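Chain by chain, the residues run as shown.
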Amino acid sequence: MPNQATVDWTAGKKTVADLGEIRKEYSEVREFVASPDGERIAVVVRKDDDVVGVCVNGQVWEQDLEKAWHLAFGPDNRLTALVRVDDEWTVAVDGELWEERYEFVWNTKFSADGSRIAAQMKQDMRYGVSVNGQAWETLYASCRDYALSGDGESVAALVQVEDLPEADIFKFLEGTWSVAVNEQPWERKYLNVYAPCFDETGKRVAVEVRTDATQYTVAEDDEPWETKYTCVWEPSFRPGHRGIVVPVRVSGAWTLAEGGKPLWKNRFMQLWRQRFSPDGKRIAAVVAPSYGRWTIAVDDVAWDQTFGDMVLAPLFSPDGKHVAATVKQENRWGVAVDGRAWSETFDMVWEPVFSPEGDVVLAKVERDGRYRLVANDRLWKPTFELLWDPVVSPDGKHVLVRGVVDEKYFRQVVSLGEIMG
Amino acid sequence: MSDPTDMMIADAGIDEGIKKLTPERIEQTIRHVLDNESAARMKVYLETCVHCGLCAEACHTYNSRDRDPDYAPVAKVKNTLWEMVKRKGKVDGPFLKNAARIAFTECGACRRCSMYCPFGIDIAYQIMTVRRICSLLGLVPQYLQDTTNSHAVTSNQMWVQPDDWIDTLMWQEEEAMSELSGARIPLDKEGADVFYSVIAPEPKILAQLIGNMAVIMKAANIDWTMPSADGWDNSNMAMYSGDFEVMGRVERAHWERAAQLRVKRIVMGECGHAYRGAVYDGPKWLAWKQPPIPMVHAVEFYYELIKSGKLVIKRKIEEPVTVQDPCNIVRGRGLHDKLRYVIKALCEDFRDMEPRHEHNYCCAAGGGVINCGPPWKLSRMKSIRCKADQLAATKASLIITPCHNCHSGIEDIIGHYKLGMHVKFINELLVKAIDLES
Amino acid sequence: MESYWIPFVWLAFVGLLGGTAFKIVQMGRLASREKTVFPTLDAKHGARSVLHWLLPFGTRNMRLRPFFTVVSFAFHACLLITPLFVMGHAVLWQQSWGISWWSLPAPVADFMSLVVVAGGLFFILRRIAAPQVRNVTTWSDYAIVLLVIAPFVTGFVAHQGWLPSKHAIALHIASGIAWLLAIPFTRLAHMFWFVFSRAYMGSEFGAVRNARDW
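As given, the protein sequences belong to chains A, B and C, one line each in that order. Going left to right, the first sequence walks through residues 198 to 618 as our numbering numbers them. Going left to right, the second sequence walks through residues 5 to 442 as our numbering numbers them. Going left to right, the third sequence walks through residues 571 to 784 as our numbering numbers them.
In case anyone wonders, no lab produced these hints; they're calculated from the structure. Keep in mind that this is a model prediction, so the values were computed, not measured. Mixed in with the good hints there might be a few duds.
Derived pair list, reagent style BS3-like, types lysine-lysine, alpha-carbon separation capped at 27 Å [unchecked claim]:
1. A:K386 x B:K293
2. A:K425 x C:K605
3. B:K222 x A:K425
4. B:K47 x C:K605
5. A:K386 x A:K368
6. B:K293 x C:K614
7. B:K293 x B:K222
8. B:K24 x A:K221
9. A:K306 x A:K425
Beta-carbon label-pair distances, calculated as ranges [said to hold, decoys possible]:
10. B:D197 x A:D574: 38 to 44 Å
11. B:R71 x A:D409: 53 to 59 Å
12. B:L25 x C:P609: 35 to 41 Å
13. B:D39 x A:R567: 26 to 32 Å
14. C:P626 x B:E358: 22 to 28 Å
15. C:P609 x A:T203: 46 to 52 Å
16. B:E358 x A:D409: 45 to 51 Å
17. B:D393 x C:F583: 33 to 39 Å
Every beta carbon over 10 Å from chain B, so not counted as near; a handful from chain A, in silico [to be verified]:
18. W266
19. F307
20. A309
21. I366
22. T408
23. E417
24. E423
25. M466
26. D496
27. G505
28. L509
29. G593
We put the beta carbon where it would ideally sit given N, CA and C, even for glycine.
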């Protein structure tokens, strides 16, 4: 989510770069990425046989790079790339390379304001996390993933704290994994740890843990719940509440639990991707009420309309009154809002967004090889060769459109009314 | 009776596990699985089987071991599940060691016997239920359990570290570029038509297969991607060890990665069990009746590329060739005709196997059997003499195996029975046969 | 038939139909608990599989063992057809419910009864002679075959008049009742489970996996 304050909401269209020119200039041009404010478009290009560069609005960074990948703009519109120079990897931020170099670096994440940038790193076959170019001093035998707190001050990483000899299934059962919060490992060891998350304050950490071969639960700050389950999925902190909410499997069926106690009464064949209204009072999750049927349940009540293929994570409107989700049925993608699917279906739908008032749902979609915007089930006429997710202005009146037509990348601030037709 | 030398094989995964069990835990676990995790199908199968033995000759282990009656599918169920049911879970350590050996190493869950049972009893499902019980009791062969542990930790099958995966893709991209200018392995490309997924042995030991695919994708001009993060491995040995929770987690990661990248479909490399895990067993446990995103096996994908003219075959293979029909894409997907279309397009001298198509014999490596590791290799070879005879009868010199388990299993058979043949994936032949200039 | 048999015959039919209905309802409940069973069943592919397996030589396994196939089909066909159409039973149908239908000529019915008996004896011999069958055989497997052929042996004996008619008929009726009552509660239940188990496998193979199961 971009910081909307950084966006210039003056109405109008501005052509930023001619992608055709870039494609003409370089023998190889990779995938384009647009900045959240729409002002910049970046791409990895091949400058020479063994040299690549990062091209931003047609200008290539000075630094010659052996490799560059994973271009990602932070919420503050700074551009990061994972780059290799002299056989060593590091993170480049707007063309400046972190001083530290690593054997490998990947999985960039940003704090909410973009000021802090983290990535997983490997050095001397040991693994850890680096934040703003400062790697942990304590490194581990492995690290599978991590969470960055909202303020970017804390990192919770899934780390292997014990070496595991080849095929040692007995030591594995004793627990070889734990969580390192800002380098420091928790005391307990687990068979597995998954899906770390921070609360709003960035002080508490919850993870999914496997305490023995057939028992799973949630650990909060290294304290596993007493209640164990045959399986659980990603836990999350409920905003404004103390509780951790997690999908749990009980007697072969799924439900939601909070703090080790059942939260929902209904049982589903599947349940995951729980999401909260901003005040934390309402919960929506993806559920399968019966075999092969998928929908969203809001506060333990499943929508009547179900879908055969897939339903993606629900999204609450900012006022918490409405819920939208991407749905798929008979290999056509669509959007459902408050239990009703739009009549239009698409070859693909990207993550929908709500207007601040919650009355409009907008999404980028693909149909017949072209990208378009759709708002409340109405397709906006213009079609694009490339398009990024729409951004709605804080007052809900405008939409920032970032797209490519005739190889020209432009940013355009359009009134929401115009898109709604 | 079962081969006494096989009955003596030591496997720490089973032997040490038994030491930790109590009669109460054994009984509770068996009753839990029989009462709570199985219902109508199991009951019907148990009540319907009339002990006719017509399934015996369906099984490669029975046919290969001089028709020893203990290797008939029905006998494997009798010596495991029937006894557990009859004794209401009150079984002991030696019984369980025997049951684990039968369930994990003498049945590959290939389902051929269901095509010979007049009632269509799903004997493989019954054996899988025994494996489930063994898994909950902690009695899984060591190497298979280690693979499951790898899945639990890394989502992939071979403890591949996240950086090794990405690094291997970048290396194979360079290799592909040197073969064909402009070949790439686009990482995490949102909205691509094809998400290509592989099994972990590819980055670990057969990386050139990924490079080959990059060449094929470029030659056919496919808009494709591979994920840089977990969910790239489509294989699933937890499905075979009986750890269905880990199985579900692995499959979920695969499908959710594809959904996150907003791809139109998944194409998977040449592997059979991975197809089964990704398309049937995994989705079923997760409540999907069919895969949430269309999934295409490599054989079907090659068929599509050749048939549509996107790939043009320039040089055909001349040596005599035969093909192993992998259970999970032939009995499991009916791809035998498409497979032969591809092979005939690639090879001058194709010599089919007998029996073939849905009736082909398993390679004895699938179903997690080869993953039980070195202690069980000789036993596995004894169980598959019929395949050696079947291969020799074709008089081919090259065996095409569009499945990783078949590939390794048949290599073992060639070595053990000194057949003097060699094995290739279609991918390896295709990259040499296609026209890279047009 | 002596009238004191009538309640027993009723009992047999009620037991057979009631028992079968009970088993099917019970299994239906269990199947819905399993959640994936009903959604997987597919009429077209289920029927396709059942038909192949009802057709003599319709499957590879049947073609691989022609003698067994002929014996098995003859046994099962005679087993089902003879009791329904034998003259003695047709008379009873007529007397009890006023239903009249075609009946088998006596020599044909005799022959068919002998086919059932011979088939049963073949199955018993096969259980003894074939190691893969003997290995999974229990006393109950022999008992079931004997139970199944008993009404045919006694019926044949009664018809031939080798025993005093009253005794022979009593034995015939008693064995027939036992046979009917056993169907829902023993492995003879394969008579109706066959359709379900085969249809399920046919659905999995056909509709889910795009392959044939015969």
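Now the hints, each set against the structure:
For the proposed pair K386 (chain A) and K293 (chain B), the alpha carbon gap of about 37 Å is over 27 Å, so the pair is violated. Distance restraint check for K425 (chain A) and K605 (chain C): the Cα-Cα separation of roughly 25 Å lies within the 27 Å cut-off, and the hinted pair is therefore satisfied. Distance hint between K222 (chain B) and K425 (chain A) is unfulfilled; the C-alpha atoms sit about 49 Å from each other, more than 27 Å. For the proposed pair K47 (chain B) and K605 (chain C), the alpha carbon gap of about 15 Å is at most 27 Å, so the pair holds.
Taking the CA atoms of K386 (chain A) and K368 (chain A), the gap is near 11 Å; set against the 27 Å cutoff, the hint holds. Simply put, K293 (chain B) and K614 (chain C) have alpha-carbon atoms about 18 Å apart, close enough for the 27 Å limit, and the pair holds. A hinted pair counts as satisfied when its Cα atoms are at most 27 Å apart, and K293 (chain B) with K222 (chain B) does not qualify at roughly 33 Å. Proximity of K24 (chain B) to K221 (chain A) is assessed by CA-CA distance (about 68 Å); at most 27 Å being required, the pair is judged violated.
A C-alpha spacing of about 31 Å is found between K306 (chain A) and K425 (chain A), which places the hinted pair above 27 Å, so the restraint is violated. For D197 (chain B) and D574 (chain A), the Cβ-Cβ distance of about 26 Å falls outside the hinted range of 38 to 44 Å, so the restraint is violated. The beta-carbon spacing between R71 (chain B) and D409 (chain A), approximately 43 Å, falls outside the hinted interval of 53 to 59 Å. Checked against the given bound of 35 to 41 Å, the beta carbons of L25 (chain B) and P609 (chain C), roughly 37 Å apart, stay inside it.
Evaluation of the 26 to 32 Å hint for D39 (chain B) and R567 (chain A) yields a failure: the beta carbon distance comes to about 55 Å. As the Cβ distance of P626 (chain C) to E358 (chain B) is approximately 24 Å, the hint placing it in 22 to 28 Å holds. Between P609 (chain C) and T203 (chain A) the Cβ separation comes to about 50 Å, which falls inside the hinted range of 46 to 52 Å. In this structure the hint that E358 (chain B) and D409 (chain A) lie 45 to 51 Å apart at CB holds, the actual value being about 49 Å.
For the pair D393 (chain B) and F583 (chain C), the supplied restraint of 33 to 39 Å is violated, since their beta-carbon distance comes to about 54 Å. Non-interface status of W266 (chain A) relative to chain B is broken: a Cβ of that chain comes within 10 Å, the nearest being about 6 Å off. No Cβ of chain B comes within 10 Å of the Cβ of F307 (chain A); the nearest lies about 16 Å off, and the non-interface call holds. No Cβ of chain B comes within 10 Å of the Cβ of A309 (chain A); the nearest lies about 21 Å off, and the non-interface call holds.
With a least beta-carbon separation of about 5 Å from chain B, I366 (chain A) fails to lie farther than 10 Å from that chain, contradicting its non-interface assignment. Residue-level check passed: T408 (chain A) sits 13 Å from the nearest beta carbon of chain B, beyond 10 Å. Interface exclusion of E417 (chain A) from chain B stands, the closest Cβ pair being 21 Å apart, more than 10 Å. No beta-carbon of chain B is positioned within 10 Å of the beta-carbon of E423 (chain A); the least distance is around 20 Å.
The beta carbon of M466 (chain A) sits about 4 Å from the closest Cβ of chain B, which is not more than 10 Å, so the claim that it is off the interface is violated. With 10 Å as the threshold on Cβ separation, the claim that D496 (chain A) sits away from chain B holds: the shortest Cβ distance comes to roughly 21 Å. At roughly 7 Å, the least C-beta separation between G505 (chain A) and chain B is not larger than 10 Å, which violates its mark as non-interface. For L509 (chain A), the requirement that its beta carbon stay farther than 10 Å from each beta carbon of chain B is not met, with the minimum near 6 Å.
Every CB of chain B lies more than 10 Å from the CB of G593 (chain A), the least distance being 26 Å, so the non-interface label holds.
Hint compliance for this structure: hints 1, 3, 7, 8, 9, 10, 11, 13, 17, 18, 21, 25, 27, 28 are not met, and every other hint is.
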